[in-house]
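Student: In case you want the letters, here they are:
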Amino acid sequence: MEDSIILKIDNIVKTYPGVRALKGISTTIKKGEVRALVGENGAGKSTLIKCIMGVEEPTEGSVQINVNGEFCSAKSVLDAAKLGMYANYQHVNIAKDLTVAENYYLGHLPKNNLGIVDWKKLNAESQKIIDKFNLAINPQDVISQLPVAMQAMITISKISVNQNIRLVIFDEPTALLENDKVQTLFHYIKELKEQGVSIIYISHRLEEVIEICDTVTIMKDGEHVETKNVSEVNKDYLIAKMVGRKMVDIYNIQHQKPGDEILKVCNLFGEKFKDVSFSLHKGEILGFFGLVGAGRSEVMRAIFGAEKIYSGDIFISGKKIKINSVRDAMMHKIGFLTEDRRSDGLALSQSVELNINMYSYDLISFLGIVDLKKERKRAIEYQEKMRIKTPNVKQIVNYLSGGNQQKVVISKLLCRDPDILIFDEPTVGIDVGAKEEIFKLIESLAAQGKGIIIISSYLPEAMGLSDRMVIMAEGHIAGSVEADELKQMREEDILRVASTIYDEEVAQ
Amino acid sequence: MKVEEKGLAKRDSLKKIMMKTEVSIMFIIGILFIFASLGTQNFLTSYNLTNILKQCAIIGVISIAQTCIIITGGIDISCGAIVGFSTLMVAMGQARWGMGIVPSIFVAVVTGVIWGAVNAALIHEFKVPAFVATLGTQTIIRGLIKVISNGGTVSGIAPQFADFASSNILFIPKLAFVWGTISVLVFLLLRYTIFGRNLFVLGSGVEVARLNGISIRKTTYAAYAFAGLLYGIAGVMLAARINSAIPTAGEAYETNAIAASVLGGASLAGGLGSIAGTALGTVLIILIDNVGTQFGIHSFVMQVITGCVIVVAIVADQLKKHPIGLMNHLKRSKKTTT
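Taken in sequence, the protein lines are chains A and B.
All residue numbers for the first sequence refer to the UniProt record's numbering, where the first residue is 1 and numbers rise by one.
All residue numbers for the second sequence refer to the UniProt record's numbering, where the first residue is 1 and numbers rise by one.
If you're looking for bench data, these hints aren't it; they were derived computationally from the structure.
For glycine and all other residues, C-beta sits at the position ideal for the given N, C-alpha and C.
Misleading hints may appear alongside valid ones.
Unchecked claim - Simulated restraints on C-beta separations: (1) A/L106 with B/K127: 49 to 59 Å; (2) B/V309 with A/K333: 50 to 60 Å; (3) A/G107 with B/F295: 45 to 55 Å.
Please model the entire structure based on the sequences and the hints provided.
Tutor: Structural data, given as structure tokens:
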């Protein structure tokens, strides 16, 4: 019995400062088993994968892989490869300036007797892989010249270079792929299975899970809900189990009667979104929902002047405006809380004071000279008002907790007294207490008559906070839910709209 | 709550280390000073001390400019060459082109600003990394200096002009007063102006700056042109000091300037740097060289020693950047052994 088990996950707990990402997950995977891992965004799937692959060390518990009867755990990615574990990550992870062949054999290029790279052999071997996966490319093509979908296929086919494969993890492998490529992938998965390789397959597309997997593990809020044979489940059952949670009270905020239209977007086109139109009213909270890659953030970044707008119109309070840069958006009183506060929301190495003021220095200065008294006063005012936990405003922002950092970003935006506030994933990586405070704040901002847009991948949050919702899928607006419908809406219904595969031809 | 406390403890220990770097420079300066005073006859003489201050003044002004660039996350390898070019402009202006003192200074400073703008254009418009862009302009400028001066010394500078560099006010050279004034002005610039704030934000990340409505173009041009202005002034000071322009003027100044910045707490990753620290760093760099010479250490050996000091400063900079990573690493290895 022990022999047929390839992976033993034993009571894995992973905590980050302030967040418990995994709360004791246990499961075993057999030899040749194709296991699906499903759950909403933030359920802990990616963290679990990182623990398996040795990228992250679990706080408690262990992951062990059966290597010819002996159970070992990976301490690093290199270790994982030695033990026969390979992962294909959601974001294409590839050396973009090298050729296809070099990427396939990265780290173990074939060498001749002189120790020099054997280019002939390298290209010949690579051609075999390319043929096997039906990729119409040349081994000497440079990755950056190929479309993203092809790059994704290369990372998938790269796995077949390895020998002694025991476990392969696919994290959303089909997100970027077209139909025929998906079939190629499925074919490869079947081939691996026949060789006795075990697979962990993560996907939002539940139809695929049912088509390709033997068993399915459902995760929710870092917990293991259940593991079932795929033959016993269907799509609706999975969605119900993934979501299956009571709407928690923290989302229960006071809603306003929407006032005049404050923002109107008409037929906006950009690199990653097409024909987007919607409107926002004073005092209204508009939810934007979509799966990863649906283009929600890109639309908002475009309205904020951080991404190019190809065509389309933006009206603020009925007046048509042009937004070419962040500065334009700033002047039209738009505030944007970015998805990744650490990479573009905060100047991490600077003080709380500078961060709170950096979006509005023009308002507290004369001829470019900053009024230090006003700067300090404002910083302290927001530190108290937002209850930012910091010994003083001179503290470096990097040393604050996630929740407090987020409060600094919001303070920064409020210093300009914006009319329109866009929150992109406002609660990512922050604890429940701080979440509740941020929701209360959003409530009071709406009460002041500001128009608010909330992007959230976490459906209960998006549904709980919004007056009205817009659902995006693959760069398009796939549907919207009006205020009176939202109450009766189930999460399942919205997920279904969000996972529509957009067919351009049908649309026309 | 526990997480909070941990964060505080981490901050306190870090602050202590930061305090230490600033204090330790003064400490080292103090030790060097005492050693040299007791150990050699010529160190503690008014001649030598004014000489040290004169050297500090020129490198000090260049280091301040370098610090401004390093704060934005950039680096300027061309600083020594621009200084040399400005020196040449002063000498050529006065000796060959029949200019008065003021017009020659003006020309020298303006050319400094122009070279700074050229650097900014390469960095911003053509997305050339700052290191490569300024390395390129450095070579171009060095070549131009030789072309214009025909590879020889340009002398014939107005005597009143050279007098400025050799005269003192109360034992302190006038050049040092220029350094002090510029230090105070740039300190105020960083502390009181939006421009100063923008340098720090830009150094924390280009995207951060862009998404906070800061014009990357304007800030980059302003930073490099401002540095060029200071190099121009340093070039004028150097011309007065050596009473001529030699083709090698300002050579290897970039190493000293970068070292002074980093020793004084600037981080090559950007977002950090202080004027007071830079001034202390400058004094230390110049002092090491002077003391070495006083003790009769061969100049070849001195170069090795100065190089070591710079490497130590850069390693300290790296440790400062990843103290948390290092701590995690230690924690992790401890955990696996238990």
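Student: For every hint, state whether the structure bears it out.
Tutor: Going down the list of hints, with the structure as the test:
{"no.": "1", "hint": "A/L106 with B/K127: 49 to 59 Å", "in the structure": "violated, 27 Å"}
{"no.": "2", "hint": "B/V309 with A/K333: 50 to 60 Å", "in the structure": "holds, 52 Å"}
{"no.": "3", "hint": "A/G107 with B/F295: 45 to 55 Å", "in the structure": "holds, 51 Å"}
Violated hints amount to a single one, hint 1; each of the other numbered hints is respected by the structure.
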